[in-house]
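Trainee: Listed here are the chains, written in short residue letters.
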Amino acid sequence: MVEQIDHALRLAGTRIVDSIANFLPGALVFIVLLFASLVAAVGVHYLLLRALKGLDFDRRAELLGISVGSWTPTRSASAFIASLAYWTVLALGLLLGLTALDAALPSRFATSVLEYVPHLIAALLIIVIGGIVARFLARAVLIGAVNMGIRSARLFSLAVKWMVIIISSAMALDHIGIGRTVLLLAFAILFGGIVFAVALAVGLGARDAVSRALEQQLREPPREDRVDHV
Amino acid sequence: MASTGSSSSAAPEAAASADVVVGLITCGDAETIGAVTAAVNEGLECCFQGLATRIALVDAGAADGMASQVRPLVAGNSQLIELTPASAAADRLEVPYHGVPGKARALHMMLSAARDLNVRACVILDAAVRTVTPQWIEWLGRPIVDSGVDLVSPFFQRGPYEGALTRGIVYPVVRALYGVRLRQPLAAEFACSARLLDRVLEDDIWDRDGAQTGIDLWLATSAATADLHLAEAALGVRTHRARGENALDLPSTITQIVGSLFADLEVRAEQWQRTRRSVPLPQFGASASPAPAPGSRIEPERLIDSFRLGYRELHDIWTWVLPPRTIIDLRRLADATPAQFRFEDELWARIVYDFALAHRLRTLARDHLLQSIVPLYLGWLASFILQVRDLSAEAVDLRVEELATVFEAQKPYLIANWRWPEQRRT
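Order-wise, the sequence lines are chains A and B.
Residue numbering for the first sequence follows the working numbering, starting at 1 and increasing by one per position.
Residue numbering for the second sequence follows the working numbering, starting at 1 and increasing by one per position.
Rather than coming from a laboratory, the hints here were simulated on the basis of the structure.
In this text, all values refer to a predicted model and were calculated from it rather than measured experimentally.
Think of the CB as a built atom: it goes at the ideal place given N, C-alpha and C, for glycine as much as any other residue.
Do not rely on the hints blindly, as some may be mistaken.
Claimed, not checked - If you want a taste of the chain B side facing chain A, the calculated C-beta under 10 Å gives, among others: (1) V170; (2) G179; (3) I254; (4) R312; (5) L364; (6) L381; (7) E402.
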């Protein structure tokens, strides 16, 4: 009886030691990878920050409409991008480390997340490009409307800006597969509703104003209003 | 630029050389081409007797029958040279402010033909002008033949509010930067010598972006930056046939003209930074005649409203272009009553120079930048009208000269910021 208990204990001990012996190299690799990714992240952060500062990225980004000051604590686009790169490298290192542990669940999780990364990057690009296009078009509409003497120039400009931002956000969400059906339905309802509301408003409420504006647009300006600026 | 298109001369052998060539650029000007040709023919007959003369016709509109309309009118010593430039697809997309698509190509073809003829003087006229007289040919061509002048630029009598863009931006900038007092550097009419023909045909102006719209101005600045003799000829009043159904809107006109001016500043930066002061030009042509009465009625109050709307909506954009003290001055102006509304000359000159700098530095997309100057221009125009509406034509010209002097005085501001743009915002 004592012998049997002793054997069982030895067997359990051996199993534990074997498990630890199997786990230790993986854990060591995990720690090494984590440390390496930390070093890489710090390096990437430093180099990116210096390169972006050298390129006067903050000023250019603000001109392009990439303003991060209002929604991040970093207050500058270059610091934000450097931080993003830092955490991305660190997260990638962590995921790689998890696969090195050879544990089934963390490995599967890491692999699925890594497969998702290209989609996330593409979605991020869509949002950034959408933001730039939105800002460009909003500025064009604002200047054009002011030069046409339209009092609500800013309203038109904001409408264009948010329409492009919403469309690009929806495209990005669709790209990463979040709420496809809901998005499609929401868009159909939202845009259908907006067009219907505008049609009603123009048709019923502002019919006279629209006809006056069209008439004014189509009619040649009176002779005394014309001046040769050149 | 390669001369493209076909050229058919009435008698190429006989037309192998000439002393004076008058080039007519036409674009669907059937209504006016007859009168212009008759005036040119008469001018050549009476003012250039004993010299071999030619009339060259470039039809930028490639309209059928234009040459056949002109041919019977060319008489006496002159011969007709017909030139047809090739049209480009881009011409159909862009409507130039002067109404002649592909004008640079047409002009290049015309000037090349004149150089091939070894002319002493080449006079260029726009065939849409209704007021061409035989004296125009004399006043433009004679200084070249007799006085050794290389470029004769016209000076037309205009109403007090006409040509405000030229008076408020183009003339002061050209005068301050290039040192020549060419009062109408955008004019389509001019006369040039053989030396100037060589100079401009070798210049890179023909292949630049926007050449089809900016060529008139760039020809003038090309002459101004060469070691050549320039002069002005007073030609009286100029009225012309409107080309196209609708005139180009103001933002597009400003984008084309001011854009051409700023593009030229960038190319000739080394030359204008060396120019110290402007020189008056010899004057030829008609004695001063009474200026035409204002043909248009502009309400300064409406212009002030446009300026205020622009300030309210665009001052965020202007902060990228203009320094803080200018924005403060503009805010004061936006709050002023019409009676107190006065755009100071120094402020206007600095604004124009700041926009030129922003154009060079690409602070904003260039179209946005140039279009955002429109409310500022309207504000300046309102102030100008309020100042000159009760003045005589001579007093208006003097007021423009005062403004141009201020542009000259502010030139060091432009040079300093052009050389050290990083100091702009400090």
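Trainee: For a quick check of understanding: which of the numbered hints are violated here, in increasing order?
Mentor: Numbers 2 and 7, in rising order.
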